[in-house]
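K.L.:
Make a model of the complete structure from these sequences and hints.
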Amino acid sequence: MSLPPTEALLRFDRVSHSFGAVEVLSELSLAVQPGEFVALVGPSGCGKTTLLNLGSGWIEPTSGRVDRPAGVRMVFQQDGLFPWLTVWDNVRLGLRHLADEAGRIRQAGVLLELIGLTAFRAHYPHQLSGGMRQRVELARALGGGTDLLLMDEPFSSVDYLTRLKLRAELARLLREQPRTVVLVTHDIEEAAQLADRVLVLSERPARIRDEVHLKVPRPRDATHPDVVAAVHRILTELGLEGDAEPPAAASRGPEIDR
Amino acid sequence: MSSVRSSRGPWLALAGPAALVALWAALASLGLFPESLFPTPLAVARGLGAELSNFRLVNDAIASLFRVTAGFLLAAGLGVPAGLLLGHSARAREALLPLVNFFRSLSPLAWIPFAILWLGIGDAPAIFLIFMAAFFPVVLSTTAAVASIPSVYFRVARDVGIEGAALLREVTLPAIAPQVITALRVTAGLSWLVVVAAEMIAGRDGLGFAIWDARNGLRTDLLVAAMVVIGLIGVALDRLLVRLTRIPSVRWGYDR
Chain A
3 MSLPPTEALL RFDRVSHSFG AVEVLSELSL AVQPGEFVAL VGPSGCGKTT LLNLGSGWIE
63 PTSGRVDRPA GVRMVFQQDG LFPWLTVWDN VRLGLRHLAD EAGRIRQAGV LLELIGLTAF
123 RAHYPHQLSG GMRQRVELAR ALGGGTDLLL MDEPFSSVDY LTRLKLRAEL ARLLREQPRT
183 VVLVTHDIEE AAQLADRVLV LSERPARIRD EVHLKVPRPR DATHPDVVAA VHRILTELGL
243 EGDAEPPAAA SRGPEIDR
Chain B
9 MSSVRSSRGP WLALAGPAAL VALWAALASL GLFPESLFPT PLAVARGLGA ELSNFRLVND
69 AIASLFRVTA GFLLAAGLGV PAGLLLGHSA RAREALLPLV NFFRSLSPLA WIPFAILWLG
129 IGDAPAIFLI FMAAFFPVVL STTAAVASIP SVYFRVARDV GIEGAALLRE VTLPAIAPQV
189 ITALRVTAGL SWLVVVAAEM IAGRDGLGFA IWDARNGLRT DLLVAAMVVI GLIGVALDRL
249 LVRLTRIPSV RWGYDR
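So the sequence lines, in the order shown, correspond to chains A and B. Numbers given in my numbering equal positions in the first sequence, counted from 1, plus 2. Numbers given in my numbering equal positions in the second sequence, counted from 1, plus 8.
Hints are not guaranteed to be accurate.
To give an idea of the chain A side of the interface with chain B (calculated C-beta under 10 Å), a few residues [stated by the list, open to error]:
hint, residue
1, Phe78
2, Gln79
3, Arg123
4, Pro127
5, Ser131
Just a few of them, taken from the derived set where beta-carbon distance is under 10 Å, the chain A residues facing chain B [to be verified]:
hint, residue
6, Arg75
7, Ala143
8, Ala170
Treat the hints as calculated values from the structure; they're not laboratory data. No residue lacks a Cβ here, since even glycine has one placed at the ideal position from N, Cα and C.
P.N.:
Take a look at the structure:
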């Protein structure tokens, strides 16, 4: 597919990447527009995380070009919080770029309020549940004030119900503090519920097999017909679901298109 | 978690020592050995009182504690930085870890002859021996701790703009603190074992020398008195160092 000529916030231009003899990405192009929420799904080991690492600048591509904004914040799977710092200090860590102490304190207070963990400010990460820890991670990442957030399976280490809550939380946080997000996940429902655009990646070396646009405004329910239809389409694309009975929304031609 | 505290107060903790003293008294009263070879608890208590009140044991304890403190601080002060270096550099590890492992496996007591030949008698040989006992385990533990810091901490640090010396202060050191504290506790105990041996051979004072002196004078009551003091101070040292593990910012390393 051709890339739109608009000012993309993150742009991969024919990016290839190899680890030794293993080619993980091959000539991949991708543009993420400001304010967009893009989810990447695909078989495990297909290079999703490598894509994020290239996006954050943690690694440089073997060939091709990555244009990224100056500040990028990453949200990790789990245990990205510093265990030796309290919730408060972990959130403040995300605010290091702010020059004045008063501003940092004020902003940390706002962020803690936002994730509803003000009462836990003096707790250490190991004293929190997995879901709470991920909320603190989100707050720390939002504190960076960067336009671009990269999320590497941020909710994969918590149970299903907590995951649903965290999705809602993320959607709410993004409504209050809009950001451009690239989310890597193996949870297809999560991708379809949260993203504006879901990119389905192939086996290694990763190519973009399919691109599913969701037109329903965020936040949306996991059971919204368009979300269900998108999940069906992605699963089918990945060869994990037959087309026995397409969901109702898909058959009435939903606002899902290429 | 924290140390075991029963609601029954300290009485249960005293039951063990009380039983031991009772058994000891019973054995002594059997008269299997002459009293000069198997002192009674009462004789030891008397000896302990006398040696404490004439300050001999007190001075010996101070001398031993000084040596342990000096040797241990030297080992920790040099061992932790050396471990940081080895932990960060795979090349340094490759070159130096075999050596570190060799010296760690070598009993520090094997150095006693050289310690005396090079440093004579007194503080210096004891401090040297303690250093040789404590330095290598500290290096190894620190190396292992640094090498096992999850890389995600460094990625977060990069995201939020921690770099240079701040990286060491704000990421590496707090990340290894729990493991290093555990290593320091173990090596402090080791140092306390070594100082006694060092002073028995290369000392003119200290608790190890007190043991040796009592043996030479066949004062087994004073010998046991010195043993009691050594054991009690050893326990107290560990109690002191275990407090480090209660620091809130290192609790994560022990609670899970």
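K.L.:
State for each hint whether it applies.
P.N.:
A quick look at each hint next to the structure:
no., hint, result
1, Phe78, "holds, 5 Å"
2, Gln79, "holds, 8 Å"
3, Arg123, "violated, 13 Å"
4, Pro127, "holds, 7 Å"
5, Ser131, "violated, 13 Å"
6, Arg75, "holds, 5 Å"
7, Ala143, "holds, 8 Å"
8, Ala170, "violated, 25 Å"
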